[in-house]
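Q: Make a model of the complete structure from these sequences and hints.
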Amino acid sequence: MPDVPLVEMKGISKTFGAVKALQNVNFEVMPAEIVGLVGDNAAGKSTLMKVLSGAYIADQGEIWMDGKKVHISDPVDSRKLGIEMLYQNFALAGNINIYQNIFLGRELTKDYLGGVLKILDKKTMATRSVDLISRLKIDIHQVTKRVKELSGGQQQSVAIARVIAFNARLIIMDEPTANLGIKEVGRLLDLIRRLKEEGISIIFISHRMDDIFSVGDRVIVLKRGKRVGMRQIRDSSPKEVVRLIVAGELEEGDV
Amino acid sequence: MKGKEVAPGLLQYPEKKGVGWVRRFSTLIGLVLICLVLTFTSKHFFSFENFINVLLQNANIAILAVGLTLVILLGEIDLSVGGVEALGCVVAAWMMVYGGLGVFPSILLALLAGTLCGLVSGFFVAYFRFHSFVSTLAMMGIARGLALIYTHGASIYGLPDSFRFMGQGAIGFIPVPVLIAAVVLLLAHLLLTQVRLGNHIYAVGGNLEAARLAGINVGKVKLIVLSLSGLCSGLAGVIMASRLNSGQGTIGETDLLDAIASVIIGGTSLMGGVGTIPGTILGVLIISVIRNGLNLLGVSSFWQMVAIGVIIICAVLIEEIRRKLQEKER
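Just so you know, the sequences run in chain order A and B. Going by this note's numbering, the first sequence opens with residue 1, and the numbers climb by one from there. Going by this note's numbering, the second sequence opens with residue 1, and the numbers climb by one from there.
It is possible that some hints are incorrect.
[Stated by the list, open to error] Okay, derived cross-link-like pairs now, EDC-like style, lysine to aspartate or glutamate, Cα gap no bigger than 16 angstroms in a straight line:
hint, chain 1, residue 1, chain 2, residue 2
1, A, K50, A, E28
2, A, K223, A, D210
3, B, K328, A, E149
4, A, K148, B, D161
Read the hints as simulated data drawn from the structure, not as lab findings. From a predicted model like this one, the values you see are computed outputs, not experimental measurements.
A: Below is the structure:
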């Protein structure tokens, strides 16, 4: 494994009123690494990831990328850095078609009149969507289909196509297997492995230990806003991680 | 990248014409049926003059309907179109007659007044989370009230002759207001289909949260769209001033009804996210033809209002039933 993490969060703290959501949390992802992020419901997983994606700003702490300090103050910043978020509810607009969703907010245009008039480049968006979908080996056959006509798994595929469309380096997946059938979960886990092969890092928030142990390289455990443990997947077991989630461990095994 | 393993032939482009066309086609059949009935019940209906007349009389409705289509696509509403139309009409006339301004500056000021009305109601929707129902209802009262204050409840006469061309002139056999409406419709269609803002309008109307997460400035989109609706209303008002050769604060009182009816019949969903300008064109034609037919058949304008109201209810009902059926199919 290379020595410089892709992303390193150092000493992140965040409070909401009297609630200490995150306390001095460290978190790191290596290039092409799949990290499971686990913890019970109020452990701070989502808050930590929202800090990374720019939806929240931390009270304290720093974010480093490729060994350099970066500033992320809104979702646009994080996206520019190649950090993408796959939302649990997919965050797609059902009334518009697949390629429009993939390029939503980042539409490709052709410039006319010296850039005054920007006309949507539908053809390029559609063909690039076709490429993305082929790359993901998703079973969608028509990029002009409206998203609400797709199944849940297909919609998730579109959401994934969207996050990798702009050279994502790190994808944060929030409970990606929560709403899927068994078959679709298998397909998603395959897809996650393929993304890793392409060099993309993934943070995988999940309650399902089996899924994390099936694809993950490492797992990091949060409890009540603190990091309470880290394990290499190959040296650990779901049982041990569950024990960490429930009890934590006194001496933080972090390096 | 290895593996384009999905057979490329399976991925289809360009767009397939889907449900939208079936719906639009059925609306078109409705229009043809109404025309047929009127052709047989009124001897004046089926003539070229009457056709041009219908288009001329409803050019302002078409322009209002364009603004409303954009607003309703966002899932919002603009109740102020009639009031702002009246204000546009009065501002244009007042500036020419009492303001000592030329025709062009007066028109520009009227358009500006309309845009400003939309901007104000849009501002409260975008940044104070007002429901557009509230802010445009208020604007309806404000704009109409200002128009009546300007005119002291009477009409402003004495408009320059050169101003008549806009409302009463014609190029070839096509009246100028109809040409203006056609240009506005075309521009709105291009806006919705060819540029980013159009895409964003559909996305905001379809799933506001998703649009926000995609980095779209939702408030800005709402502000722009309501301003555009104000601009359309102002333009409709200027055309009315030229057609009537006067500024009247009382015009357009039933225009809101007709414009909303047109947009709904044109297939735009009040829930937002679904609708097109070609649909709105059909909707405007249907409402125009019905009004014209009722006029030719000697139905009073009061009963016409009742009829349009009933049509709105029927259109929404049909839409609702269709939606239920589609959900069942799935």
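Q: If a hint holds in the structure, say so; if it doesn't, say that too.
A: Here is how each hint holds up against the structure:
For the suggested pair K50/A and E28/A, the alpha carbons sit about 15 angstroms apart, so the restraint of at most 16 angstroms is met. Proposed proximity of K223/A and D210/A is contradicted: the alpha carbons are some 20 angstroms apart, above 16 angstroms. For the given pair, K328/B sits about 13 angstroms from E149/A by alpha-carbon distance, which is consistent with the 16 angstroms threshold. Distance restraint check for K148/A and D161/B: the Cα-Cα separation of roughly 55 angstroms exceeds the 16 angstroms cut-off, and the hinted pair is therefore not satisfied.
Consistency with the previously given hints fails for numbers 2 and 4, ordered from lowest to highest.
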